[in-house]
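A.B. asks: Chain B: place on chain A using the hints.
From first to last, the protein sequence lines are chains A and B.
The numbering of the first sequence is the working numbering, which starts it at 1 and goes up by one.
The numbering of the second sequence is the working numbering, which starts it at 1 and goes up by one.
Don't read these hints as lab results, they were simulated from the structure.
Wrong hints could be hidden among the right ones.
Computed beta-carbon distance windows for the label pairs [claimed, not checked]:
1) Pro83/B to Arg172/A: 39 to 45 Å
2) Leu64/B to Asp115/A: 20 to 26 Å
3) Ile127/A to Asp59/B: 16 to 22 Å
4) Ala29/B to Val208/A: 16 to 22 Å
Residues from chain A that face chain B, not an exhaustive set, calculated with beta carbons under 10 Å [said to hold, decoys possible]:
5) Ala69
6) Met70
7) Phe142
8) Gly154
9) Gly176
10) Pro195
11) Trp211
We put the beta carbon where it would ideally sit given N, CA and C, even for glycine.
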Amino acid sequence: MSEHRREGLVLSIAVGIVAMTFGVLADATGLSLPQIMVMSAFLFTGASQFAAVSVIDGGGSSFAAVGSAMLLAARNALYGPVVSRLFRGSTFRRGLSAQFVIDETTAMASTQDDDATAADAFWWTAIWLWSLWNIGSVGGAFLGSFVAEPETYGLDAAFPAAFIALLVPHLRERPGRVASLVGGVLAIAAVPISPAGVPLLVAALGVVPGWLVQRRQPAESAP
Amino acid sequence: MSWLSIWIMVAGAFGFKVLGVLGLSRVAAGAGRSFHTMTALIPASLFTALIIVQTLVTDEELVLDARVWGVGAGIVAVWRRAPFTMVVLSTMAVTALVRWQTLV
Numbered sequence: 001m002s003e004h005r006r007e008g009l010v011l012s013i014a015v016g017i018v019a020m021t022f023g024v025l026a027d028a029t030g031l032s033l034p035q036i037m038v039m040s041a042f043l044f045t046g047a048s049q050f051a052a053v054s055v056i057d058g059g060g061s062s063f064a065a066v067g068s069a070m071l072l073a074a075r076n077a078l079y080g081p082v083v084s085r086l087f088r089g090s091t092f093r094r095g096l097s098a099q100f101v102i103d104e105t106t107a108m109a110s111t112q113d114d115d116a117t118a119a120d121a122f123w124w125t126a127i128w129l130w131s132l133w134n135i136g137s138v139g140g141a142f143l144g145s146f147v148a149e150p151e152t153y154g155l156d157a158a159f160p161a162a163f164i165a166l167l168v169p170h171l172r173e174r175p176g177r178v179a180s181l182v183g184g185v186l187a188i189a190a191v192p193i194s195p196a197g198v199p200l201l202v203a204a205l206g207v208v209p210g211w212l213v214q215r216r217q218p219a220e221s222a223p
Numbered sequence: 001m002s003w004l005s006i007w008i009m010v011a012g013a014f015g016f017k018v019l020g021v022l023g024l025s026r027v028a029a030g031a032g033r034s035f036h037t038m039t040a041l042i043p044a045s046l047f048t049a050l051i052i053v054q055t056l057v058t059d060e061e062l063v064l065d066a067r068v069w070g071v072g073a074g075i076v077a078v079w080r081r082a083p084f085t086m087v088v089l090s091t092m093a094v095t096a097l098v099r100w101q102t103l104v
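One chain only, chain A, in its complex shape (with noise of 0.2 Å):
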């Protein structure tokens, strides 16, 4: 199996066991099978699933649920421009792709040397991904208080860790060094003083500092 599509399998084998943590979190807080398998198939954003059944397990609201899930979907969006150019095809055939625009999957396809791996590792890691963390949710729901906390196995430090490695190749020239600095110093601004998934937008601002170094460089500009 080539690299890329045995990293996108060890980092979706790793999501695909938080995945039961969904299912066993959505169980306990009354959701039915039926409405886990749709939210993991459908909505897939590990992030807003979390997000909306924590809110619902702590008393909240569906109002805050809907509003908290949304927020933190809201970032895939930014991640269309990264990837939307390895969608071929009808308008129809891309906005049925953008269902798998997600941070495994962006994060994949982006450290890619070439547009043929980057699809490849993109289409990859989403089947895995998908996959394992549709059977994940529905295995975690099952097995219930079987399941272990997935802290025990230090599973939540697996997904940064993870992504350190996948943000490598984005700092080789100076405008991405820029680019993460700020995005960092943003996002740790932004976590005293704004709801779940502000900070990650916000963090988006980073690029712009990033931006102008690389204006000011021309001879270092982007492979």
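C.D. replies: Then chain B, alone, in the frame of chain A:
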């Protein structure tokens, strides 16, 4: 949770994804090179923010816990050019170990 709110979330989340792939990328294509440069930098900014949020945030507050040690180990593994699987596993191992140590 009602079926209505689930379908609203499904439609909303899909709407954001489609907006990005069909809408924003068309804007990017029309706006020329500068916008293209900025979209190429989106992963650098967003993944950094994602790493920070997943490592340091619990219930919308900044918290330092075992994850910091684990992700630190992950950074060392990346720096030492360890394979992807090793990066993930060493992070999990250190996080679990530190968490277990602090519990005992």
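A.B. asks: So, against the hints stated earlier in the document, which numbers end up violated here?
C.D. replies: Violated hints (numbers, rising): 1, 2, 3, 7; every other hint is consistent with the structure.
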